[in-house]
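Student: Listed in order, the protein sequences are those of chains A and B.
Just so we're aligned, residue 1 is where the first sequence starts under the numbering used here, counting upward by one.
Just so we're aligned, residue 1 is where the second sequence starts under the numbering used here, counting upward by one.
Please keep in mind that the hints were generated in silico from the structure rather than gathered at the bench.
Ideal Cβ placement from N, Cα and C applies to all residues, glycine included.
Possibly wrong hints are sitting among the right ones.
In silico lysine-lysine, DSSO-like type, Cα no more than 27 angstroms apart, as pairs [stated by the list, open to error]:
id : chain 1 : residue 1 : chain 2 : residue 2
1  : B       : Lys111    : A       : Lys199
2  : B       : Lys248    : A       : Lys199
3  : B       : Lys3      : B       : Lys196
Covered stretches of chain A (chain B as the covering partner; in silico rule of three or more C-beta atoms under 8 angstroms from a C-beta of chain B) [as the list claims (entries may be wrong)]:
id : segment
4  : 78-88
5  : 272-282
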Amino acid sequence: MSTTLTTQESSALAEDAAAGGRAGDSVFAGFSLGAGILILASLAAVALFLFLEALPTFQASAEEITGGAGFWSYIWPMVIGTVIAALIAIVIATPIGVLVALYISHYAPPRIAKPVGYVIDLLAAIPSVIYGAWGTTVLAAALVPFYAWLTANLGFIPLFSGPASQTGKTMLTVGIVLAIMILPIITAMSREIFIQTPKLHEEAALALGATRWEMIRMTVLPFARPGIISSVMLALGRALGETMAVALVLSGGPLTASLVQSGNQTIAAEIALNFPEAYGLRLSELIAAGLILFLITLVVNMIARAIIARYKEFSGAN
Amino acid sequence: MSKRIDVENLNVYYGDFLAVEDVSMGIDARSVTAFIGPSGCGKSTLLRTLNRMHEVIPGARAEGKVLLDGENLYGPGVDPVLVRSMIGMVFQRPNPFPTMSIRDNVLAGVKLNSKRISRSDADDLVEGSLQGANLWNEVKDRLDKPGSGLSGGQQQRLCIARAIAVKPEVILMDEPCSALDPISTLAIEDLISELKEEYTVVIVTHNMQQASRVSDRTAFFNIQGTGKPGKLIEYGPTAEIFSNPTEKQTEDYVSGRFG
């Protein structure tokens, strides 16, 4: 008697489950799986497109490539130019971005913090062509005396060796424009994470007799470290790939160590400036350059992941 | 290494709202004093004013005096940072620093204000503090592991070790066992009885059995209704508060007739 009853109950349960949420569950699972596959597929398609279109360049003989010395000697200076521009931007923007975020999250009174936060977000909404136009007309000209001063006083360092550019359209100007462009990325992300620091930990530090700065160093910064790193990497990705602002600001040329002379070029700007007239092998060259840029950003992202994973055990997520 | 606290005519406000009204009481050195009362009666607020931690909450302010062996914590020029290093605090939920190892957690307060400490002194201090918190035997083999990997009760004892490592005069505990299971609670209660040999301990608790088990004196706070300030109703030896209170409200509360 009791056994039959149990069987009946369990079969009723099974029916309910089948009739109820199961259908919706599998539909949703299908959709999310599809979305996931779509991302991977488009990434693979981009990589495949770049590789196939770039293939003629890798097969061509050295003399056929622009510059006449093979693809690597063509792309190498631009890789360096790209990385230098992005590094200048990161070196300037990271400390400023993190400090602004800290000011908004932990120092400013609420009625100041809110508007400052909005203004920072607005910076992110300005199109890059505007930054480029501003950089080339206003900032570059304004920096000319500063560059002259740099070459006069710090000219013994190869980075600042003269003669300084008379237009100011140099790598350093590009780096500064890029820094302003990526500042909101770092600030906005860092601020979000700083705010999420558990009150519990902040109070623990204060109750031990920590000053506000010590509290920030003990709780906020360690808690936010993976977030700061990912915001910087995201910003680095933007700086590496930024095209318009660099194309407008930089007076490009061959590789030079000096940041205050005209010269150097970034991959993205090289592609943008030459793409409209390119055909045949030249087109393939530019796409190959794009492939290199793609690989650089991929490596940057992987390094970011690795750094974040290293701090996982101490992240507070456990 | 322990001092008495005298509270004189203390009013605590959150903005315009008076949260605690006119509290005066003396807390003996080397004793355990329990604050009991219904939720919202201001006992945690009062506890926080004893080391100026209420100032962390925007709009909170206190008027009146809190004397630590006669020195007013609210006197002009008194640095709240210094006050908090003399009066330690243990919170409702265990809050070891998740990014630090067990060892670094214990040393966190000691290393503040750019103080330097030698490796061997630090080792001794870590061992002494963890032993003082009855945690040494459980963690001595994993001092370099993160503190967040410990159980809730162990984390709370780590927080106590962190608090006593800075050698405070007073230890404040804000419902230290409310997030813990009965066995961990017992471990903390045993520890509190040991701590009073060296420190002045003030504990806020919702658990009246706990107050009667661990404290020497008990203060009962009550509130007349929502929006009204909390007040100190009765303060005396724990045995008296629980067996023979003078106030009707206290008797109703400790006998479980309300609250």
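Student: Each hint: holds or not?
Tutor: Results of checking the hints against the structure:
1. B/Lys111 to A/Lys199: Within the cut-off at roughly 21 angstroms; holds.
2. B/Lys248 to A/Lys199: 38 angstroms, violated
3. B/Lys3 to B/Lys196: 11 angstroms, holds
4. 78-88: violated (count 0)
5. 272-282: It is violated: at least three residues are needed, and the segment 272-282 of chain A offers just 0 whose Cβ sits closer than 8 angstroms to chain B.
Checked against the numbered hints above, the structure violates hints 2, 4 and 5; every other hint is satisfied.
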